[in-house]
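If you want the building blocks of each chain, they are given just below.
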Amino acid sequence: MMQAEEAYINLYKQHAKSVSKSCSDLLNGKRQAAFEKFQTLGFPKNTHEEYRHCDLREALSIDYGLNINRVKIPINPHDVFSCDVPNLSTKLFFVVNDQFYKNDKPIGLPEGVLCGSLNDLTETHARLLEPYYTRLSEKSSDGMVSFNTTFAQDGFVLYVPAGVALEKPIQLIQVLHGTVDMMANRRLLIIVEEGAKAQFLVCDHALSSRYFFSNQVTEIFVGKNASLEYYDLEMDQPNITRVSNTLVSQAASSQLLINGVTLQNGLSRNNINLCFEGEGATASLSGMALGNGNELIDNHIFVDHAVPRCNSQELYKYVLDDCAKGVFGGRILVQKGAQKTFAYQSNKNLCFTKEARMFAKPQLEIYADDVKCSHGTATGQMDEKALFYMRSRGISESEARLLLKFAFTADVLDNIRLEPLKDRMRMLVEKRFRGELAKCAGCSATNCK
Amino acid sequence: MLLEIKNLHASIEGKEILRGINLSINEGEIHAIMGPNGSGKSTLSAVLTGNPAYEVTDGEVWFRGKNLLSMSPEDRSREGLFLSFQYPVEIPGVSMVNFMRSAVNEHRKYRQESALSASDFLKLMREKRSIVELDSKLANRSVNEGFSGGEKKKNEIFQMAMLDPKLSILDETDSGLDIDALRIVAQGVNKLRTPQNSTIVITHYQRLLDYIVPDQVHILYKGRIVKTAGRELAIDLEERGYDWIKQEVEE
Ligand SMILES: Nc1ncnc2c1ncn2[C@@H]1O[C@H](COP(=O)(O)OP(=O)(O)O)[C@@H](O)[C@H]1O
Ligand SMILES: [Mg+2]
Chain A
1 MMQAEEAYIN
11 LYKQHAKSVS
21 KSCSDLLNGK
31 RQAAFEKFQT
41 LGFPKNTHEE
51 YRHCDLREAL
61 SIDYGLNINR
71 VKIPINPHDV
81 FSCDVPNLST
91 KLFFVVNDQF
101 YKNDKPIGLP
111 EGVLCGSLND
121 LTETHARLLE
131 PYYTRLSEKS
141 SDGMVSFNTT
151 FAQDGFVLYV
161 PAGVALEKPI
171 QLIQVLHGTV
181 DMMANRRLLI
191 IVEEGAKAQF
201 LVCDHALSSR
211 YFFSNQVTEI
221 FVGKNASLEY
231 YDLEMDQPNI
241 TRVSNTLVSQ
251 AASSQLLING
261 VTLQNGLSRN
271 NINLCFEGEG
281 ATASLSGMAL
291 GNGNELIDNH
301 IFVDHAVPRC
311 NSQELYKYVL
321 DDCAKGVFGG
331 RILVQKGAQK
341 TFAYQSNKNL
351 CFTKEARMFA
361 KPQLEIYADD
371 VKCSHGTATG
381 QMDEKALFYM
391 RSRGISESEA
401 RLLLKFAFTA
411 DVLDNIRLEP
421 LKDRMRMLVE
431 KRFRGELAKC
441 AGCSATNCK
Chain B
1001 MLLEIKNLHA
1011 SIEGKEILRG
1021 INLSINEGEI
1031 HAIMGPNGSG
1041 KSTLSAVLTG
1051 NPAYEVTDGE
1061 VWFRGKNLLS
1071 MSPEDRSREG
1081 LFLSFQYPVE
1091 IPGVSMVNFM
1101 RSAVNEHRKY
1111 RQESALSASD
1121 FLKLMREKRS
1131 IVELDSKLAN
1141 RSVNEGFSGG
1151 EKKKNEIFQM
1161 AMLDPKLSIL
1171 DETDSGLDID
1181 ALRIVAQGVN
1191 KLRTPQNSTI
1201 VITHYQRLLD
1211 YIVPDQVHIL
1221 YKGRIVKTAG
1231 RELAIDLEER
1241 GYDWIKQEVE
1251 E
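If you're matching them up, the sequences are chains A and B in order. Heads up: the first sequence is residues 1 to 449, going by the working numbering. Heads up: the second sequence is residues 1001 to 1251, going by the working numbering.
The set of hints was computed from the structure by calculation and includes no laboratory data. Bear in mind the structure is a predicted one, so any value in this text is a computation, not a measurement. Where is the CB? At the ideal position from N, CA and C, for every residue including glycine.
Capping the alpha-carbon separation at 25 Å, the derived lysine to any residue pairs in SDA-like fashion look like this: (1) A:Lys431 with B:Lys1109; (2) B:Lys1152 with B:Ser1130; (3) A:Lys431 with B:Ser1095.
Partial list, computed: chain A residues near chain B (C-beta under 10 Å): (4) Asp383; (5) Lys385; (6) Phe388; (7) Tyr389; (8) Met390; (9) Ser392; (10) Arg393; (11) Ile395; (12) Glu399; (13) Ala400; (14) Leu404.
Per the computed footprint, the stretches of chain B lying under chain A, defined by three or more beta-carbons under 8 Å from a beta-carbon of chain A, are: (15) 1051-1065; (16) 1070-1081; (17) 1084-1096; (18) 1104-1110.
Start from the sequences, fold in the hints, and give me the full structure.
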């Protein structure tokens, strides 16, 4: 039963030294406890309610290689992604599989800002990052998270010190590349201190036809009065399995926006666990999933209103074609004493075929009385009246469907506050609906080599 | 002949609504179709424009010498058929501009003309909007979303102006309009008239026919055209109601 786990447990037992060899003390110091926890938890099973519609067995039966010895991947991502989102001048960084791609160029960010390799920065700034690294992941009961902490060797850090507002968005492009089947354990740490401001865009792409399993853990800390916009775009391939755990802590009066778009993928499981730890904070979480073929997109969002006067808004939309499967799990917990909570959740889905399926499970648990909470979920087909109206004006059926699909996703894209990114996303979504999304046309790559 | 309907039968959900319609329309003519509620007027317009909810069980329809019933709804439109809907549909998230641009350019493609440039298209929009005095703000909104009843009807005629059809069916375009809006809509329709194009006006009331003067008036009752005459028939109906027609038919 524990076969998939067993292979990795043995791997770690035999190679623990190699895993730690080139890594910082901070990363290494957390491995043993996480390893023990993983041995108890194992990988998530579809017998577990939370993973009922997301079966990872097949993906985990593949014999992936882990790049434990940190062999450098012979690729220069700058060559592959030659240009940027037009008019969106970002600070651009790369992670290849699970290694930060080092670049000698000065990053040109305000003093005190840290941006770069997790392994390097946890070495050079151990005291600064120590209070954050694993603070949220330790509480997770998802086996993928403890697995990640066990094996994580690198990833990305963004640290914005108190009072600093980043002018330009930070963009991280994560590529999967290799000539064998591989697993990447990526780790991201994003800290926006008191009163600071940042916009962060992360794009996942695959540049290989091999099987990949990306297991990512992102810990996000939004400090008092701080503001973070976090955009997460996946534009992968059917051969990619992605499990992403995003763990968020929000301090008092902080503001967070998360917008996640799955344009194209294989199997994706995105967990967001957000906890309000200080009063008066707001979080706007939105996302959309465009599924066709045999794609599976499973978003599980958990918002924990642990303190009073916080505001959370969720908007998740799925457009499913062919045999695609969508899952939305939205749990809102309003803890005792969390008065004046405002929590709103909306999930709307379009299924185009009988084979396309959507599973939605909203869960509201409210233990306070002075709150405003609501949720709504609806899954339907295309509006036949609207379709005929458009066709009666000479618009072809396929074009009419496209316009309606596009219209359906419009409000999710409207949540994007970075205007050039919004324009870019509109174009990508339209291309995706037209079936014109080139395999490797990255979010920032218009001239893919 | 522009349109020729022969023995048309159609049903919805197994219920026969049209029970043998015969109607011929020449270029440049205006035909009014009147009749009590539920007699099948909207069904006829839906069947002519190819609404897939209806099933044609018998008969044929020829439009500009082509077999209309074998064409897709979009091709019927591109061939020059237009329906002003009794109940225009709201399409949240699709802007009027994008909607019309798609429609106009698909019509042009069908005629093997190149797509309009952005500026030419906007010019066309402006020009046609003025025909029905459609507020410029509405053009930037989603199709029919939040439009008042009158605005929706004006918007139908605006679309008609944009697409320049050979045959327009106005399905109760006058209902729900106040007298000013009625005048604007009717004058809009008249401005769009040419000696070549024709109109079917479906209405309950004589008042629209004061503006759009029909060559023939047909009465549709229980899925059949039971009476055809000149415009005086409409005036008769206004005075006497439908009961005498019903009586005549029952006899
Ligand atoms: N979608 C539908 N399903 C079932 N019956 C319908 C539907 N639409 C119309 N009908 C029936 O068809 C008949 C004709 O309707 P309609 O064509 O709308 O009449 P009119 O436009 O002359 O008032 C009515 O009896 C109506 O109940
Ligand atoms: Mg009607």
